[in-house]
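Given next are the chains, with one letter for each unit.
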Amino acid sequence: MNIHKIANYLNTLADSETGMTFDCQPISGEVDVLQITILGREELPIFVSVTDDQILCITYLWGEEEVKTECINDMHVSMLEMNIPMPLSSFSKIGDKYVVFGALSINSNFDDIEHELTVVNNNALEVIDDMSEYLI
Amino acid sequence: MSIFKKIMTAIRGGASEVGESIIDTNATRIFEQEIRDAENHLTKAKRDLTGVMAEQMAANREVDRLKREITEHEGYVGQALEKNDETLALAVAEKIANLESELATQQQAFESFQGSANRLKELVKKSERQVGEHKRQLSMVKTTESVQKATSAITDNFSSSNSKLLNAKDSLERIKAKQQKFDDKMKAAEVLEAESGDGALEAQLKAAGIGAQSTSANSVLDRLKAKKNKA
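Taken in sequence, the protein lines are chains A and B. Numbered by numbering that gives the first Met the number 0, the letters in the first sequence go through residues 0 to 135 in order. Numbered by numbering that gives the first Met the number 0, the letters in the second sequence go through residues 0 to 230 in order.
FYI, nobody ran anything at the bench for these hints, they're computed from the structure. Here the structure is a predicted model, which means the values were calculated and not measured. Quick reminder that beta carbons are idealized off the backbone N, C-alpha and C, glycines included. Certain hints may be false.
Calculated cross-link-like contacts (lysine-lysine; reagent style DSS-like; alpha-carbon spacing at most 30 Å) [stated by the list, open to error]:
id, chain 1, residue 1, chain 2, residue 2
1, B, 205, B, 180
2, B, 4, B, 125
3, B, 5, A, 92
4, B, 4, A, 96
5, B, 94, B, 125
6, B, 168, A, 92
7, B, 134, A, 4
Distance windows between CB atoms, simulated [unchecked claim]:
id, chain 1, residue 1, chain 2, residue 2, range
8, B, 125, A, 92, 22 to 30 Å
9, A, 129, B, 49, 58 to 66 Å
10, B, 180, A, 110, 27 to 35 Å
11, B, 132, A, 129, 35 to 43 Å
12, A, 110, B, 209, 50 to 58 Å
13, A, 20, B, 189, 17 to 25 Å
14, A, 92, B, 117, 32 to 40 Å
15, B, 26, A, 1, 22 to 30 Å
16, B, 38, A, 92, 30 to 38 Å
17, A, 69, B, 132, 16 to 24 Å
18, B, 186, A, 11, 26 to 34 Å
19, B, 184, A, 73, 33 to 41 Å
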């Protein structure tokens, strides 16, 4: 599995089971990254990279500077508590950005990847909505 | 230091400088080489094990053969004694003594091979576990490295395209607004359909009291009263 195969599959997907329309844009760099946007949700792109043994799907949530200083501990606790109930995704932090991500086996099929992308995106939307009390 | 701790320290220390590698690539290469060496040792140990197990099987077969031969010759001694041929019986007994000494040697060899095979099996298992563990650790290091590089590519892409990641709340509001607009459009389309399609004509006919009328409680009561009066 590589990002080009994923992009080809998603771009040619006429009738998605998930009811979503994907647009894929490869970003070149030392590691190939695929930027995937979902129609109507362009503000929350999903970044996909493929390593030796897994496929990582990451969506940026918010930056440290967007968190109300007095709420940061409560927010961290909420995130930890939500980590298990949240389907197929987990919270993490890359640099100064909080993210939600899903990791799939490199042997996953296209349906699994499509499902994961949809779930990560839905989770990101819900999380921002639910945690907006902690945000500026 | 555990691999988790090392990665955490590396991330904490290097995350501020995007684009700067947080993992020492040289160390990763050395680690990969160590795993390859361990795998080579493992292959050699497995080959040795196969050899020892073959020797063990051969020794086992020899032990069985000697046991069968001893039993067979013991029978011959019995037969010679029955025929009162003491000399022959003694000759066969001597042969048995030789066979028994050979059996003892073979038995010892078999046990020694068995011991070696068990030790090698244990070693192979242990090495396999170790290689598996090293591979898992390497995967963690490489994933960290890959995410770091991916982040750098994403950041570069954003700065070069002059756009930036939006504030989370703004993003959500914009997505919600788009969703609302989409829903409104759907609703408008439904209304339009109702006004211009068959639905509108039916509603007009109904208002004029033409066509099938919906039953009301009063009409039901009237019907039942009429029925009762007839009876």
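Hint check results:
1. 205(B) - 180(B): violated (33 Å)
2. 4(B) - 125(B): holds (24 Å)
3. 5(B) - 92(A): Cα-Cα ~17 Å, so holds.
4. 4(B) - 96(A): holds (21 Å)
5. 94(B) - 125(B): violated (46 Å)
6. 168(B) - 92(A): holds (18 Å)
7. 134(B) - 4(A): holds (26 Å)
8. 125(B) - 92(A): 22 to 30 Å: The hint (22 to 30 Å, Cβ to Cβ) is violated, given that residue 125(B) and residue 92(A) are roughly 37 Å apart.
9. 129(A) - 49(B): 58 to 66 Å: holds (59 Å)
10. 180(B) - 110(A): 27 to 35 Å: Check passed, 30 Å falls within 27 to 35 Å.
11. 132(B) - 129(A): 35 to 43 Å: holds (38 Å)
12. 110(A) - 209(B): 50 to 58 Å: Once the Cβ atoms are compared, 53 Å apart, the range 50 to 58 Å for residue 209(B) and residue 110(A) holds.
13. 20(A) - 189(B): 17 to 25 Å: Since residue 20(A) and residue 189(B) have Cβ atoms about 22 Å apart, the given range 17 to 25 Å holds.
14. 92(A) - 117(B): 32 to 40 Å: violated (49 Å)
15. 26(B) - 1(A): 22 to 30 Å: holds (26 Å)
16. 38(B) - 92(A): 30 to 38 Å: Hint holds: Cβ distance 35 Å, inside 30 to 38 Å.
17. 69(A) - 132(B): 16 to 24 Å: violated (43 Å)
18. 186(B) - 11(A): 26 to 34 Å: At 32 Å between Cβs, range holds.
19. 184(B) - 73(A): 33 to 41 Å: holds (39 Å)
Violated hints, listed in ascending order, are 1, 5, 8, 14 and 17; each of the other numbered hints is respected by the structure.
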